[in-house]
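Enquirer: Following the hints, position chain B against chain A.
What follows is each chain in one-letter form.
Number of protein chains: 2
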Amino acid sequence: MNWGVLIFPNVEELDFAGPWEILGMWSKFSGGPDKRLIVAEAYEPVTCAKGLIVVPHVSFAQCPPLDYLLVPGGEGTRREVYNPALIDFIAGQAKSCRAVLSVCTGSFLLHRAGLLNGRKATTHWGSLERLRKLGDVHVEEERFTRDGNVWTAAGVSAGIDMMLAFIAETAGERAAGIAQFAAEYYPSSRAYGDFHTGPDAPAYLKK
Amino acid sequence: MNWGVLIFPNVEELDFAGPWEILGMWSKFSGGPDKRLIVAEAYEPVTCAKGLIVVPHVSFAQCPPLDYLLVPGGEGTRREVYNPALIDFIAGQAKSCRAVLSVCTGSFLLHRAGLLNGRKATTHWGSLERLRKLGDVHVEEERFTRDGNVWTAAGVSAGIDMMLAFIAETAGERAAGIAQFAAEYYPSSRAYGDFHTGPDAPAYLKK
Chain A
1 MNWGVLIFPN
11 VEELDFAGPW
21 EILGMWSKFS
31 GGPDKRLIVA
41 EAYEPVTCAK
51 GLIVVPHVSF
61 AQCPPLDYLL
71 VPGGEGTRRE
81 VYNPALIDFI
91 AGQAKSCRAV
101 LSVCTGSFLL
111 HRAGLLNGRK
121 ATTHWGSLER
131 LRKLGDVHVE
141 EERFTRDGNV
151 WTAAGVSAGI
161 DMMLAFIAET
171 AGERAAGIAQ
181 FAAEYYPSSR
191 AYGDFHTGPD
201 APAYLKK
Chain B
1 MNWGVLIFPN
11 VEELDFAGPW
21 EILGMWSKFS
31 GGPDKRLIVA
41 EAYEPVTCAK
51 GLIVVPHVSF
61 AQCPPLDYLL
71 VPGGEGTRRE
81 VYNPALIDFI
91 AGQAKSCRAV
101 LSVCTGSFLL
111 HRAGLLNGRK
121 ATTHWGSLER
131 LRKLGDVHVE
141 EERFTRDGNV
151 WTAAGVSAGI
161 DMMLAFIAET
171 AGERAAGIAQ
181 FAAEYYPSSR
191 AYGDFHTGPD
201 APAYLKK
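Chain order of the listed sequences is A and B.
Mind the numbering: the first sequence is residues 1 to 207 in our numbering, read in order.
Mind the numbering: the second sequence is residues 1 to 207 in our numbering, read in order.
Accuracy of the hints is not assured; some may be wrong.
You can't tell identical chains apart in this list, so a pair holds if it fits in one copy or across any two.
Said to hold, decoys possible - Below 20 Å or equal to it, Euclidean Cα-Cα: the simulated SDA-like pairs (lysine to any residue) are:
id: 1; residue 1: LYS207; residue 2: SER188
id: 2; residue 1: LYS28; residue 2: ASN10
id: 3; residue 1: LYS120; residue 2: VAL150
id: 4; residue 1: LYS133; residue 2: ARG112
id: 5; residue 1: LYS95; residue 2: ASP67
id: 6; residue 1: LYS28; residue 2: GLY193
id: 7; residue 1: LYS206; residue 2: SER188
Rather than coming from a laboratory, the hints here were simulated on the basis of the structure.
Excised from the complex, chain A in its bound form (with noise of 0.2 Å):
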């Protein structure tokens, strides 16, 4: 099983830091994919919108077909919309994905590969207005969502929830505990401040 991570200049550090941690673990501890790859479209360090460096294990030539594709956010999304080579490399790959993920504004580059077209998709909450205005999104203010292949999560740390979530849908429950429990992922639900619910808060919040 090939999984593939993609990253491009101002990648958001823990939209694809926190997937990459949990598929990790499953991979480690509970039959998750052998083989895990950070994919950039040259094999050359890319710098994070946080200032992280990461080299990248393949470039897009370099890349195997994936069976799963997951695609971060960020501010580099505003300019990798306009690079056809990033949008062909995702739309290219998806044909023969058995899943494509999107974490934050990682959806808008999927709704640019023409995944997301009539489909439920959500994104971090400042874009929430903008992923509407593209039309044809069904957008909803969920913690992550499912469109049948295709899962798209909300802001930044979202992609973690999101990733258990799929763990436990394909391999089940017990997978996904153990990946959880290696990671301790057990958050505290501490929120400081209110803006969790203030007018910019994405809905699930206020449920």
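Expert: Showing chain B alone in chain A's frame:
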């Protein structure tokens, strides 16, 4: 304000990437540190425990005096406790740091650097007994601990919770809330399977 985040071979990805993301949001939106540095022994790519390859910003030799140092964990710590260059770096920087923080088994590196003697600390659930056996640490089975200017977090993902608590403590609730909202860190409370209530689960999960 100089923030250093240590990495080394087989460091656990989310141990540092989680706090790194929160630090970055704090800097971008609510007055966090202007200088955030990934530090490694040498200025060359480091392969993490789950295969991510990261290029540090500076080597130990190039690293300026730090105000804060975060030490992640991972399998690599089993080797690094015997690496005098790394332990000396932690001990040396700690002398003038306003605070030193660890995530997961990073606490074993703090201990080796002489920072946990007689102090409260925690680690990943799978290493709690090992931390107790060191004999001079007051091990607490909490999501994170603080003892003066030394903070320690439980396994992997717990570093995110610690980082937000640290910001709230040093810069106020509002600064922490802004970073939390930007990272949309309002995680699902879903626990897959019964691992969090099993015999290996840390005490804070059974409260």
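Enquirer: Which numbered hints are broken by the structure, listed smallest first?
Expert: none
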